[in-house]
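**Q** Chains as they are written, first to last, in my numbering: chain L, 194 to 461; chain Y, 12 to 262.
Think of the hints as simulated: they come from the structure by calculation, not from any bench.
Because the structure is a prediction, the values reported are computed rather than measured.
Even glycine gets a Cβ: it sits at the ideal position worked out from N, Cα and C.
It is possible that some hints are incorrect.
Not everything, but these chain Y residues come out facing chain L in the computed CB check (under 7 Å) [as the list claims (entries may be wrong)]:
| hint | residue |
| --- | --- |
| 1 | Asn59 |
| 2 | Phe91 |
| 3 | Leu102 |
| 4 | Val110 |
Computed cross-link-like contacts, DSSO-like style, restricted to lysine-lysine with a CA-CA straight-line distance of at most 27 Å [said to hold, decoys possible]:
| hint | chain 1 | residue 1 | chain 2 | residue 2 |
| --- | --- | --- | --- | --- |
| 5 | Y | Lys105 | L | Lys410 |
| 6 | Y | Lys125 | Y | Lys200 |
| 7 | L | Lys364 | L | Lys344 |
| 8 | L | Lys344 | L | Lys410 |
| 9 | L | Lys364 | Y | Lys68 |
| 10 | Y | Lys200 | Y | Lys14 |
| 11 | Y | Lys116 | L | Lys364 |
| 12 | Y | Lys36 | Y | Lys14 |
| 13 | Y | Lys116 | L | Lys344 |
| 14 | L | Lys344 | Y | Lys124 |
| 15 | Y | Lys116 | Y | Lys200 |
| 16 | Y | Lys124 | L | Lys410 |
| 17 | Y | Lys254 | Y | Lys224 |
| 18 | L | Lys344 | Y | Lys125 |
| 19 | Y | Lys240 | Y | Lys255 |
| 20 | Y | Lys17 | Y | Lys37 |
| 21 | L | Lys344 | Y | Lys105 |
| 22 | Y | Lys68 | Y | Lys224 |
| 23 | Y | Lys105 | Y | Lys125 |
| 24 | L | Lys364 | L | Lys275 |
| 25 | Y | Lys14 | Y | Lys197 |
| 26 | Y | Lys37 | Y | Lys68 |
| 27 | Y | Lys105 | L | Lys364 |
| 28 | Y | Lys125 | L | Lys410 |
| 29 | Y | Lys25 | L | Lys275 |
| 30 | L | Lys275 | Y | Lys68 |
| 31 | L | Lys410 | Y | Lys116 |
| 32 | Y | Lys37 | Y | Lys197 |
Taking CB as the label site, the calculated pair distances span [said to hold, decoys possible]:
| hint | chain 1 | residue 1 | chain 2 | residue 2 | range |
| --- | --- | --- | --- | --- | --- |
| 33 | Y | Asp247 | L | Phe296 | 51 to 61 Å |
| 34 | L | Phe310 | Y | Gly48 | 47 to 57 Å |
| 35 | Y | Asn179 | L | Val421 | 38 to 48 Å |
| 36 | Y | Asn93 | L | Arg456 | 21 to 31 Å |
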Amino acid sequence: MWEILSFNYFQNALMGSILAGVGLGIVGVWVVLLRIPFVGVAISHAAFAGSVIGLLFGVNPIMMAIVFSLLASILIGPIAEKSGLEANVIIGIIFSLVLGVAFLGLGLIKGPKTEAFNLIWGSILTLSRINIYLNAGITFFVILFLLFFGKEIKAVFYNREVAASCGIPEKFIFFSLLFLSGFVICLNLNTIGGILIFSLLINPPSAARILTHSLSKMYMLSILFGIVACLAGLFFSYVFAVPAGATIIIISSLIFIISMVSRGRNGS
Amino acid sequence: MIKIQKVSLSFSGKEVLSEVSLDIKKQDFVAIIGPNGAGKTSLLKIINGLLIPDTGKIGVFDLDPVRDGLAVRRRIGFIFQNEFITRNVPLSVKDVVSVGRIGVKGLFRNLDKKDFESTRNAMDEVGISDLENRPAGFLSGGEQRKVSIARELARDVEILLLDEILMNLDPASQMEINSLITRIYKRHKLTVVFVTHLLRYLPQGINRVVALKNGKVFSDFSPDDFNSKDLSLLYDVDEENLKKYVGNFKF
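Pulled out of the complex, with its shape left as it was, chain Y reads as follows (with noise of 0.2 Å):
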């Protein structure tokens, strides 16, 4: 379904990934880890043509990212790390759901009934409905990424980029989110990526976990064979370290 052949990009002079190779197959449940700025979210970019590799091949639902942008990001989910509803804007949590399906809808034609229907539909799944109609900007942060999580959900899509979505989330919305997460997966059997730093709460379902370092793939594992030893050296810490930290490590 995704398919990364020896994809670079640079910025600045900087090398952010270098000559990564994935092949995302259809209904995978992918989990990408890795210390900061080692090429995560320029990956789930690319994936979505927002930014263009400067060499290598793309290939998301046999399109080129590239050349189709907005037949591949259509029918591809995205919720960015930093992505937050400012109080600036007079929007209601259903005009936000609603978005996901002004690009399904494309240009000059209004939103119909069926857009309505979807929007209403993935407000329910969420549990976010009794919110519709109030402003989104002055909701909590767990709200809010339902609210981005419903958007995504009303598009219908195939794929569902997620980065760093648990982000700035207590706990129990941490837990909340994640068990969502799983649900959509299985309900909608999408294929989906979900770039993380919170290692020991990943949601249930996952199925490969990529870790990236220095814009390489460092390890391709199950989530079984990942130990405290391959995070020591992928985070560049101390073993013994590591274990007085975060214990003896399993996902």
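Chain L extracted, bound-state conformation (with noise of 0.2 Å):
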């Protein structure tokens, strides 16, 4: 069984779930104390309006991917702030429009389509070097951003209003959580898929918040969970022979589960 450790395409999946892990298991922190749940499928479906753009017009669907979903998260923040309207709603704008644009262009490609409905299914085991190397350099990016604005992060999932009157640049915070969390979903896309990636993004940092009142001790067991049942996933799905994404997904909803019912009756 271990032999399988000294495969490329297996140490790649290794890799990219600990990255999974880490980096889904921070912005999971951010997207649900900010309670904007639904960037994630935003977020993934934008990728896929990009890759089937980008196979319409012969141009790279991965990039087009990446730029159509860094696009939606860049636009959340400013928009909701210039309507006046929740994030929330603004999400669900812009999920809606880059759905239309995605199956307006699935109707006008001739050729195959599958390139772009692997970003929304994922595919864990044909990870490349250059996705680890790009998702290890926005997890270390990502790390870097909590432990120079940790506090004010902070200040903004307390009171978006009350940190601007403390003087904290919040706009500043809140749209960088916002952009980086979609830059962390979109290059998880590939280990995860798009429909896949809202679980992985909820379970883990849910199940911290229900076992704890810290929020420092809340970003590690996220990062935990997430870690754990990207492994695990990994490893029953190669056991089993069954799709990776999709055991890593149950399993962190077992997660979940279990913090819930480990809970004491009053949340203690």
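Build the complex from these two chains, which are given one at a time in their own frames, with help from the hints.
**A** Here it is, written out as structure tokens:
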């Protein structure tokens, strides 16, 4: 069984799993505490729309997926600010727009559309070294951002208006959180897939939140649960020859259920 | 300390403030009253630069809150009317009070011993030290108000803007918060602007009452000069009916 570790594709999958666990574990905390869980769905479908447009116009679909999802994550904050609507509403508007663009593109593509759908289903066993390097880069950047702006992020979670009145540049922090969340989600689409990433984004931090009232512990538990879900999912998918992405999600959901059951009656 | 000159502000074509002028001096303790929608909250937000007026001039500490927003806000405390601590966010009382120090500290610098000392002193002064490790979202309304007051106290601010902070509190908590505000005002020699609808329960020490109506300054009196007639004109209600409701009105 251990000979599998000597294969390049499995080593990539292992590294991809750990990076997904760390990156999504951190931005999952942001997304859950900012109460914008559907940002994952909107960003992944923006990537899908991007890859469809890429295929349609003969441009690299992965590059277009990154461009579209980054564009979506950059736009959410300023549009919410300008319109006076909640970020969740703008996420819904962007989600429906990119879905419309994706379906329009799909209708116009004459040839195979597999490459576009790969981003929706994910394919952890076909991760390339380039994927790993990109994921490692953004995960490292997210950790640095958290280290440098951790206290300001805490204030934004507490109350954006209070943070602004305390002289904290809350717009910069809020927009950065949205943008970085979009970036991490986008670069992990190959690992987990656009539909399934939602679960890995929400389950680990939610399970962590149930177990602790401390923000720093919530980060640590969320990362731990993310890594455990990814590695265990990879292991079981290999042992039982079942799809890795789906297994990862089922395990992350199980972690959430176990946390909920183990919590005291009144949340203690 | 706060100079407001002919400030006007509109939202979606509706004028919220109309040529409001007000001069608030150092250590003034001003109550701002008026009907719902009179522009009280907007006025507070203009003072600390969270809203930008359409026309007019405003100076705070001789700075322009529009141009020098961060610098002004770091010296002004603000407690919002609908401020509550959500259970969703895992922060302890100590965490929330220390949020006050974050703006003072600025970017790229961690909170240090002095900041934690200010946080502790503020909690001591407000009387919530025994709650410091409790999850802030699980506190009662009165306790949450004290946490907000401690947060602003920890910042060593010079001006305190309080927007209906007695809202949703029981009478005992209202009295407690009122006497706390008076104590803080005297001890720290602050300038306090206190927006309220609870006219019979103003904190002691208020030396001026500014009434806003339809976005304009309706009156600017000493609390002793304000009576039932003024009140009936301010709220557009019949004086006799008003007397049945609040008796012979006196602050």
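**Q** Each of the hints needs a verdict: does it hold here or not?
**A** Hint check:
A least Cβ separation of about 6 Å between Asn59 of chain Y and chain L falls short of the 7 Å threshold, and the interface hint therefore holds. The interface hint given for Phe91 of chain Y is met, as the beta carbon of that residue sits about 6 Å from the closest beta carbon of chain L, less than 7 Å. Given the 7 Å rule on beta carbons, the hint for Leu102 of chain Y holds: about 6 Å separates it from the nearest Cβ of chain L. With 7 Å as the threshold, the beta carbon of Val110 of chain Y comes within range of chain L, its nearest partner Cβ sitting at about 5 Å, so the hint holds.
Annotation: proposed proximity of Lys105 of chain Y to Lys410 of chain L holds, straight-line Cα distance about 16 Å (limit 27 Å). Proximity of Lys125 of chain Y to Lys200 of chain Y is assessed by CA-CA distance (about 21 Å); at most 27 Å being required, the pair is judged to hold. Distance check on the hinted pair: Lys364 of chain L and Lys344 of chain L sit about 14 Å apart at the alpha-carbon level, within 27 Å; holds. A hinted pair counts as satisfied when its Cα atoms are at most 27 Å apart, and Lys344 of chain L with Lys410 of chain L qualifies at roughly 15 Å.
At most 27 Å may separate the alpha-carbon atoms for a hinted pair to count; Lys364 of chain L and Lys68 of chain Y meet this at roughly 25 Å. A threshold of 27 Å between alpha carbons decides the hint, and for Lys200 of chain Y with Lys14 of chain Y the separation of about 19 Å falls inside it, so the pair holds. Straight-line distance between C-alpha atoms of Lys116 of chain Y and Lys364 of chain L comes to about 18 Å, which keeps the hinted pair within the 27 Å bound. With a CA separation close to 8 Å, the supplied pair Lys36 of chain Y and Lys14 of chain Y stays within the 27 Å bound.
For the suggested pair Lys116 of chain Y and Lys344 of chain L, the alpha carbons sit about 10 Å apart, so the restraint of at most 27 Å is met. The straight-line distance between the Cα atoms of Lys344 of chain L and Lys124 of chain Y is roughly 15 Å, inside the 27 Å bound, and the hint therefore holds. At most 27 Å may separate the alpha-carbon atoms for a hinted pair to count; Lys116 of chain Y and Lys200 of chain Y meet this at roughly 23 Å. Between the alpha carbons of Lys124 of chain Y and Lys410 of chain L the distance comes to roughly 22 Å, so the proposed pair stays at or under 27 Å and holds.
As the CA atoms of Lys254 of chain Y and Lys224 of chain Y are separated by approximately 20 Å, the hinted pair is consistent with the 27 Å bound. A hinted pair counts as satisfied when its Cα atoms are at most 27 Å apart, and Lys344 of chain L with Lys125 of chain Y qualifies at roughly 16 Å. Using a Cα cut-off of 27 Å, the hinted pair Lys240 of chain Y and Lys255 of chain Y holds, with the two alpha carbons roughly 13 Å apart. For the given pair, Lys17 of chain Y sits about 20 Å from Lys37 of chain Y by alpha-carbon distance, which is consistent with the 27 Å threshold.
Between Lys344 of chain L and Lys105 of chain Y the alpha-carbon distance is near 13 Å, which keeps this suggested pair within the 27 Å criterion. Our distance criterion of 27 Å between C-alpha atoms is met by Lys68 of chain Y and Lys224 of chain Y, whose separation comes to about 20 Å. Straight-line distance between C-alpha atoms of Lys105 of chain Y and Lys125 of chain Y comes to about 14 Å, which keeps the hinted pair within the 27 Å bound. A threshold of 27 Å between alpha carbons decides the hint, and for Lys364 of chain L with Lys275 of chain L the separation of about 12 Å falls inside it, so the pair holds.
With a CA separation close to 22 Å, the supplied pair Lys14 of chain Y and Lys197 of chain Y stays within the 27 Å bound. The suggested pairing of Lys37 of chain Y with Lys68 of chain Y holds, with an alpha-carbon distance near 19 Å, which does not exceed 27 Å. Restraint check for Lys105 of chain Y and Lys364 of chain L: the C-alpha separation of about 24 Å stays at or below 27 Å, so the hint holds. Annotation: proposed proximity of Lys125 of chain Y to Lys410 of chain L holds, straight-line Cα distance about 25 Å (limit 27 Å).
The suggested pairing of Lys25 of chain Y with Lys275 of chain L holds, with an alpha-carbon distance near 18 Å, which does not exceed 27 Å. Taking the CA atoms of Lys275 of chain L and Lys68 of chain Y, the gap is about 24 Å. The hint holds against a cut of 27 Å. For the suggested pair Lys410 of chain L and Lys116 of chain Y, the alpha carbons sit about 24 Å apart, so the restraint of at most 27 Å is met. For a cut-off of 27 Å, the pair hint linking Lys37 of chain Y to Lys197 of chain Y stands: about 12 Å separates their Cα positions.
For the hinted restraint 51 to 61 Å between Asp247 of chain Y and Phe296 of chain L, the CB-CB distance of approximately 56 Å keeps it satisfied. Here the CB-CB span from Phe310 of chain L to Gly48 of chain Y is close to 53 Å, well matched to the stated 47 to 57 Å. Between Asn179 of chain Y and Val421 of chain L the beta carbons are some 42 Å apart, a value that agrees with the proposed interval 38 to 48 Å. Range check, Asn93 of chain Y to Arg456 of chain L: about 29 Å between beta-carbon atoms, so the 21 to 31 Å window is met.
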